[in-house]
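Chemist: With the hints as a guide, bring both chains together as one complex.
Residue numbers (our numbering), protein chains in the order written: chain A, 1 to 483; chain B, 1001 to 1141.
The hints are all genuine.
Interface residues of chain B toward chain A, partial, derived using beta-carbon atoms under 7 Å:
hint	residue
1	Glu1014
2	His1017
3	Asn1074
4	Tyr1078
5	Glu1081
6	Ala1115
7	Thr1120
8	Val1141
The set of hints was computed from the structure by calculation and includes no laboratory data. We put the beta carbon where it would ideally sit given N, CA and C, even for glycine.
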Amino acid sequence: MVSKKDMKQVEEYVYEIPQSFRPDMRVPARLYADEELLEAALKDRSIEQLINTATLPGVVKYTLAMPDIHQGYGPPIGGVIPSKTSTGVISPGAVGYDVNCGVRLLRSNILAEEVRPIMDEIVNALFQGVPSGVGRSGDVRLSHRDMNDVLEKGSAWAVSQGYGTKDDLEHTEERGTLAGAEARAVSSKAKKRGQDQLGTLGSGNHFVEVGEVEAIYDQEVAEVFGLFEGQMVVWVHSGSRGLGHQVCTDYVHDLQQAVTKYGIELPDRELVCAPFDSPEGRDYFAAMAGAANYAWANRQVLAHRVRLVMDDVLAGLVKDRGLTLVYDVTHNIAKVEEYPIDGKPTKLVIHRKGATRAFGPGMKDVPADYREVGQPVLIPGDMGTASYVLVGTAKAMEKTFGTSCHGAGRVMSRRAAKEKIQGQELQQELAEKGIVVRGGSWKGLAEEAPAAYKDVDRVVNVVHSTGVARKVARVVPLGVIKG
Amino acid sequence: MSNERRGMSEGFEEVEHTADLAIRAYGRDMRELFANAAHGMFALMAEPSQEPACAREVSLEALDYEGLLVDWLNELIYLHEVEGETYSQFTIETLSPTKLKAHVIGGPTRHKTRAIKAATFHDLAIEETPSGLVATIVFDV
Chain A
1 MVSKKDMKQV EEYVYEIPQS FRPDMRVPAR LYADEELLEA ALKDRSIEQL
51 INTATLPGVV KYTLAMPDIH QGYGPPIGGV IPSKTSTGVI SPGAVGYDVN
101 CGVRLLRSNI LAEEVRPIMD EIVNALFQGV PSGVGRSGDV RLSHRDMNDV
151 LEKGSAWAVS QGYGTKDDLE HTEERGTLAG AEARAVSSKA KKRGQDQLGT
201 LGSGNHFVEV GEVEAIYDQE VAEVFGLFEG QMVVWVHSGS RGLGHQVCTD
251 YVHDLQQAVT KYGIELPDRE LVCAPFDSPE GRDYFAAMAG AANYAWANRQ
301 VLAHRVRLVM DDVLAGLVKD RGLTLVYDVT HNIAKVEEYP IDGKPTKLVI
351 HRKGATRAFG PGMKDVPADY REVGQPVLIP GDMGTASYVL VGTAKAMEKT
401 FGTSCHGAGR VMSRRAAKEK IQGQELQQEL AEKGIVVRGG SWKGLAEEAP
451 AAYKDVDRVV NVVHSTGVAR KVARVVPLGV IKG
Chain B
1001 MSNERRGMSE GFEEVEHTAD LAIRAYGRDM RELFANAAHG MFALMAEPSQ
1051 EPACAREVSL EALDYEGLLV DWLNELIYLH EVEGETYSQF TIETLSPTKL
1101 KAHVIGGPTR HKTRAIKAAT FHDLAIEETP SGLVATIVFD V
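So that you can see chain B by itself, here it is in the shape it has in the complex (with noise of 0.2 Å):
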């Protein structure tokens, strides 16, 4: 299978940066592409908590869906360090191009593999394809 058939079918693959870790995430509707965005940066980043034991709220105003995506990844970033937790069922509960609601459910972090300081804006671009949404995430690690 080819990494992209690969990537669309788990929703996200690694891809090449020189200096830090990018992401190609991919979705059929927005939801689907920052829950799969989320997903992919926690596969970066630690092993998958083994109970969900905790849920948490996230809200966010940005200027657009980049903005949004940047802010909604940042925001698990966040929570991920500062509540020592690691989140694997995203549910998007609302979603414009400028207001994120969701709910996200984790456990304690197991192991962490790796930090990532942020989720940058770098060549950050949903594009439509005939298959979906894709959008590459670079990460500062």
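Chain A with its partners taken away, still in its complex shape (with noise of 0.2 Å):
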């Protein structure tokens, strides 16, 4: 077991675990957080999870997590494994089973007070335009070419079809289409999965989110996003559903073989990997990218029916509602990005279970209008408490591969959750506190109860104080569906 004595402070909230702790650890570990949320991390097995991403082969410099950090399987939600193009590995379980799992927010000409006495009817509305639950399909059904189109060009796909506009493209991380994929490397069973599902919500922590601007903390970046008090706001977080899944279940069965094949060792199976630069890794690769599309297309249609559903529900109240893209961003993803490397610049696969980019000033990659401040980083918190927008920095480029933290991060099991928490107490009392929500299931919404979260503004309080990530805006929750 690690504890505390094991690792060195290296700055305020900044821990570092030796490569010396281990003797298969290539490169140290990184751990972002502070006393309260490192003491929860050392009660499961997070760290010695971190700990694990450092003995991958080309790692370098440092692996990371974030302070939203918690158990997962392989590396642990919200770490970051840099691996050398050249020399190093890509792994599926450091991507996660859900690739491109993301958020967006829309933001809009309206004021939460105009629409906070209608919010019942608001997510209703949105809880019947919204496909969402456990394994819903939706009303979109993509034919063989129109599936290898979603796969190979993600949202551009989506707005070819009339979800969304141009702009939406332009907020959104890589565009949305990751540079790459190829349909062929996807499986007839993970495209069969992701035939009837875009376009839904799913389940689990999935949402779709009102929220009110509550507070800026830096008024001249919200003015660039385009945010101001007391603004009504959309969330939507979903990702690459079954399709996904299943590319992720596909190469983790089968590098089982590339790791014997390259001879790689690992300390958790879930690790597997392939080298960046082999057929294996290739395809991975070109498989990933395509169910990355497939979900940011999926978050384009969404957010296209968050849109109808508001024009409808609105309609006579606000005339100008300007339902607009602020940014989307990806937290399960590998993508290649370049770093200075022992004072060369360096192609890496950068790793992100559980984090967000977090591109500082003047990055090519950030949208033009936004290239002068940074990239928004958007961290949904609980149903309810708060979720942040951020501005990505130029001490992430140097300290972290331009990342920050994904949310606020698990703190209870869903086991325990559900035996603590009841659904039906849960709505009523997020409603005395002005938050209307519906879910699928009350079991599902318990297991989602804010309780069973870290608390999101120590999390981002971390990587603020830190200089990663910038805070620019919270916001409260008004209406939440659930799947």
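Modeler: Spelled out as structure tokens, the structure:
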């Protein structure tokens, strides 16, 4: 077991487990946390999982975990693994089963006070208009050709079909299309699972949430992002659905043999991987990118449905609704990015598993209208507390491979949550706080209770205080639909 | 009755995992372990189907028993999702360390209670104990 004495504090809120801690570590491992978050992480196997990531071939500098760290399978949730494209590996387990699970934020010209009185109606309409829940299918059925286009073009396909606008693409990470996707690398089983799930939310922690911008911390950046106090905004959190799950399942299976073939030793089989520059590694990347594109198309269709619902419910109440995209980020992905290693620009595969890209000012991958200030970093919290909009920084580029946290992070098991919390009571409690919630099941709602999550303010404070991302706005929930 | 005793008599039990779900499955032999793991997983996912109305054949190859167990559960997740069926009888016809053939019986899914994305290798080891075989399987949900 790892204890605090095995770590050294390298700066405020940054702890390092030295490479010497375990003989199989190739680099140190770093954790961003305050005292309380660190103590929580030490209670389960999160830190051990973080240390395991530092054993992967080709890892450079250090592997990382963000303050929303919690135990996953393979790497911890909140993990960041940088690996050289030349000598390193790519690992499906280090991306996760929900490839490109991510979140987008829509701004509006609507004041929260205008919609608060009709929040029941809005939530009910969203529940009707946005397919959600366990294994729910939608009304988009993809032909073979459409499926291939979705996999290779992502959001661009969705926009070409009338789901949203070109402006949405400009404000999506990778413009909603991760290059390198190849439909042929995605199995027919995965395609079959994805055939009727485009434009569906799914279940678990996925949601659509209507929120109010409660506080602005950085007026200048908030203006650039089009955010203001009292504004109604909408969050959409979903991923690549069954298609992405199957892609991960397929390649965790297939790469078992690659591990033997390339003589890779692993401390945890869920970290199964292949050299990035190998036929197996290239195939996984091509399939993973396809699943990522499916997820972007999915959120694009979901956001379109949200707009339609809002148009319908708010017609006559608010004329110019202006529901436009602030940004869309992914928090389960592997991407090729360039960072200086030993003074030389080096291409790395950055695995982010429950972690958000947080590119700073001046980066060409940040949309032109945000480039001067940096990328919006979207941090959804739990449904009873708050969510944050932050902005990426130069410090993130230097210290965390351009990465920030992705949410509050779980602290209570699903089993414990459903034993301690009743879904109906929770709905009532939230209603008393002015938050209207509808879920697919009481049990599902209980598992997602605010008490099951870490304190999002505390998590965000760590990334803000270390300068990895700066606070721009705090958003509180008004109405939530849970899958 | 302790959780473990109860788990052993039912063949499986749910165990704690911070972010995801996990079950511990028991079996007097490997075939029973595989069948109980499938029972345990479907207990998390859906209400049992009323009438056995459909049958599927499952045929898999993997590197070892652990690999087969993960593949077996993932194949059932796949069938459950794309066929809209929930299975309640699992007959393992052939089982070697690298091959599995099984016959599963179930019916149309009545009510899904949870989506499981996949069975994972995390912490997975099939262990021999004095009272039989035990495996803990962590599911991504």
